[in-house]
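Just need the whole structure built from these sequences, with the hints factored in.
Line by line, the protein sequences give chains L and E.
With my numbering applied, the first sequence corresponds to residues 1 to 115, in that order.
With my numbering applied, the second sequence corresponds to residues 1 to 115, in that order.
FYI, nobody ran anything at the bench for these hints, they're computed from the structure.
Every value quoted in this text rests on a predicted model; they were computed, and no experiment measured them.
Backbone N, C-alpha and C define an ideal beta-carbon position, used for all residues, glycine too.
Since no wrong hints were added, every one of them can be taken at face value.
Each computed DSSO-like pair below joins lysine-lysine, with the alpha-carbon atoms no more than 30 Å apart: (1) E/K57 with L/K3; (2) L/K3 with L/K59; (3) L/K114 with L/K57; (4) L/K55 with L/K17; (5) E/K57 with E/K9; (6) E/K57 with L/K71.
Here are some chain L residues the structure puts well away from chain E; computed CB gaps all over 10 Å: (7) E9; (8) E15; (9) R61; (10) K114.
Derived coverage of chain L by chain E (criterion: at least 3 residues anywhere in the stretch with Cβ under 8 Å from a Cβ of chain E; other residues may be distant): (11) 20-34; (12) 38-48; (13) 88-94; (14) 105-111.
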Amino acid sequence: SQKIEQNSEALNIQEGKTATLTCNYTNYSPAYLQWYRQDPGRGPVFLLLIRENEKEKRKERLKVTFDTTLKQSLFHITASQPADSATYLCALESGGSGNTGKLIFGQGTTLQVKP
Amino acid sequence: DSGVTQTPKHLITATGQRVTLRCSPRSGDLSVYWYQQSLDQGLQFLIQYYNGEERAKGNILERFSAQQFPDLHSELNLSSLELGDSALYFCASSGGFPSEGYGYTFGSGTRLTVV
Numbered sequence: 001s002q003k004i005e006q007n008s009e010a011l012n013i014q015e016g017k018t019a020t021l022t023c024n025y026t027n028y029s030p031a032y033l034q035w036y037r038q039d040p041g042r043g044p045v046f047l048l049l050i051r052e053n054e055k056e057k058r059k060e061r062l063k064v065t066f067d068t069t070l071k072q073s074l075f076h077i078t079a080s081q082p083a084d085s086a087t088y089l090c091a092l093e094s095g096g097s098g099n100t101g102k103l104i105f106g107q108g109t110t111l112q113v114k115p
Numbered sequence: 001d002s003g004v005t006q007t008p009k010h011l012i013t014a015t016g017q018r019v020t021l022r023c024s025p026r027s028g029d030l031s032v033y034w035y036q037q038s039l040d041q042g043l044q045f046l047i048q049y050y051n052g053e054e055r056a057k058g059n060i061l062e063r064f065s066a067q068q069f070p071d072l073h074s075e076l077n078l079s080s081l082e083l084g085d086s087a088l089y090f091c092a093s094s095g096g097f098p099s100e101g102y103g104y105t106f107g108s109g110t111r112l113t114v115v
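Listed below in structure tokens is the structure:
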């Protein structure tokens, strides 16, 4: 069955360092992958979408890579700040045609940036 | 404010009861998605509507039902409630499909507590 795996252990880093979060998937052939940020008790917020033919995508301090051979996406936050502390979710469209828009989410990785 | 409105924000009810959660999508968005988030399960897809029609279904219990009205707002009905139904219920909308580059916009959720 389709599965998305994100590191369940929290990632603790020092302010100013680069945070790298991993999303692995199995039994998918996604045309795109999305990343979201979720703060406690709030709804996820869309950050970035990367397509299968894009190796890398950047938005301000965020960078996402997508390796369809390894079935993996890496999410980087450079020059991290305490305000970046949150849970980050990756999401893939689940099966079928490309037009349902139904996303399946990973469990998320919690990032804690210490000042 | 994301533009997606969910009401009520909190709901406490007894086992066996029925509740209705309401969602108003962002202006112009035709797709509405419902997700359940509990601590041990992460975000679980329930159901999707597109312009009033059911488009995709997840592992939604038979005790749960939903609909999208002509004005595009959506309601999620949960009946014969059990303790295990306690969770955060999120509604999301999108202006197009992820394959077109669209992400979801989530509401702030309804926290349901069944006692």
